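Asks: Sequence lines, in order, name chains Z and U.
The first sequence runs 1 to 113 under the working numbering.
The second sequence runs 1 to 114 under the working numbering.
Errors might be hidden in some of the hints.
Claimed, not checked - Subject to a maximum C-alpha distance of 25 angstroms in a straight line, what follows is the list of computed DSS-like cross-link-like pairs (lysine-lysine): (1) U:101 / Z:51; (2) Z:71 / U:73; (3) U:106 / Z:71; (4) U:73 / U:106.
To be verified - Residues from chain Z shown here face chain U by an in silico Cβ test under 8 angstroms; the list is partial: (5) 55; (6) 61; (7) 65; (8) 104.
Stated by the list, open to error - Computed list of chain Z residues with no C-beta within reach of chain U, every gap over 10 angstroms: (9) 12; (10) 44; (11) 87; (12) 89; (13) 109.
Please keep in mind that the hints were generated in silico from the structure rather than gathered at the bench.
Everything numeric in this text was worked out from a predicted model, so none of it was measured.
Just so you know, even glycine gets a beta-carbon here, dropped at the ideal spot from N, CA and C.
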Amino acid sequence: NAGVMQNPRHLVRRRGQEARLRCSPMKGHSHVYWYRQLPEEGLKFMVYLQKENIIDESGMPKERFSAEFPKEGPSILRIQQVVRGDSAAYFCASSPDRVYGYTFGSGTRLTVV
Amino acid sequence: AQTVTQSQPEMSVQEAETVTLSCTYDTSESDYYLFWYKQPPSRQMILVIRQEAYKQQNATENRFSVNFQKAAKSFSLKISDSQLGDAAMYFCAYRTNRDDKIIFGKGTRLHILP
Chain Z
1 NAGVMQNPRH LVRRRGQEAR LRCSPMKGHS HVYWYRQLPE EGLKFMVYLQ KENIIDESGM
61 PKERFSAEFP KEGPSILRIQ QVVRGDSAAY FCASSPDRVY GYTFGSGTRL TVV
Chain U
1 AQTVTQSQPE MSVQEAETVT LSCTYDTSES DYYLFWYKQP PSRQMILVIR QEAYKQQNAT
61 ENRFSVNFQK AAKSFSLKIS DSQLGDAAMY FCAYRTNRDD KIIFGKGTRL HILP
């Protein structure tokens with residue numbers, strides 16, 4: 001089992017461009033979570049998805065950010081018209097159900113220049 | 001509001017010694033989970049230890065153990081026989097049984113001195 005795979009590991013975007021972050025959960029895991037980590041901070045919850053459904057998006061900014069977890073393929077976190085303040089590490093985690101603990105990926109570091 | 005507080009931004013310990021990282025949390029829930037995660041320079045988030053609030057016995061994983069004081073809402077991590085590979089950021093975290101999001105503290109950076 002390859003674990004939670006995130007790509008790219010590093011992503012550089014100019015202000016105004018779009019960023020697309022991908023997360024492939026562990027095999028058999030149907031629950032996906034996205035977190036954001038600002039420098040020298042802990043992780044902050046953004047969104048929780050199950051296949052084809054957004055369950056909780058209370059931590060995700062209402063504008064420019066969206067997430068999906070289609071029936072086939074990875075979960076995608078999309079940030080439109082990126083700004084410098086979007087620079088952070090974005091982590092994905094997956095679990096087989098609500099009760100079991102998460103397994104985190106290694107994160108994508110987004111830098112907006 | 002549920003919060004997790006780590007009052008020690010940085011700590012240092014001599015190799016082979018024991019160190020304790022502090023964590024307090026605030027909640028009105030009775031059923032919840034507490035975690036310690038390790039984040040080395042590779043950035044990978046690694047689960048170190050987990051405690052269910054309904055369990056009175058403190059969790060232990062090899063050289064890692066916790067001191068869970070439910071009434072005081074305290075959840076400290078003790079690392080025995082510290083090794084160079086223990087150097088990392090350590091995050092205390094909390095999750096209720098009703099909710100799916102994990103709430104993290106700001107972390108403690110642990111340095112191991114050879």
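Asks: Now, for every hint given, state plainly whether the structure supports it.
Replies: Here is how each hint holds up against the structure:
For a cut-off of 25 angstroms, the pair hint linking residue 101 of chain U to residue 51 of chain Z stands: about 17 angstroms separates their Cα positions. For the proposed pair residue 71 of chain Z and residue 73 of chain U, the alpha carbon gap of about 41 angstroms is over 25 angstroms, so the pair is violated. Only pairs whose Cα atoms come within 25 angstroms are accepted, and residue 106 of chain U paired with residue 71 of chain Z is rejected, the gap being roughly 35 angstroms. Restraint check: the Cα-Cα separation between residue 73 of chain U and residue 106 of chain U comes to about 17 angstroms, which is no more than 25 angstroms; the hinted pair holds.
This hint holds: residue 55 of chain Z has a C-beta 7 angstroms from the nearest C-beta of chain U, less than the 8 angstroms allowed. Annotation: residue 61 of chain Z was flagged as interfacial toward chain U, and the flag is violated, the nearest CB pair being 15 angstroms apart, outside 8 angstroms. With 8 angstroms as the threshold, the beta carbon of residue 65 of chain Z stays out of range of chain U, its nearest partner Cβ sitting at about 16 angstroms, so the hint is violated. The beta carbon of residue 104 of chain Z comes within 4 angstroms of a beta carbon in chain U, closer than 8 angstroms, and the hint placing it at the interface holds.
Distance check for residue 12 of chain Z against chain U: the nearest CB is about 16 angstroms away, which clears 10 angstroms, and the non-interface claim stands. Not every Cβ of chain U is farther than 10 angstroms from the Cβ of residue 44 of chain Z; the closest lies at roughly 7 angstroms, contradicting the non-interface assignment. Consistency note on residue 87 of chain Z: stated as away from chain U, and its beta-carbon is indeed over 10 angstroms from all of that chain's, at 15 angstroms minimum. Listed as a non-interface residue, residue 89 of chain Z fails to keep its Cβ farther than 10 angstroms from every Cβ of chain U; the least gap is roughly 6 angstroms.
Look at residue 109 of chain Z: its CB is around 8 angstroms from the nearest CB on chain U, not clear of 10 angstroms, so calling it non-interface is violated.
The earlier numbered hints that this structure contradicts are 2, 3, 6, 7, 10, 12, 13.
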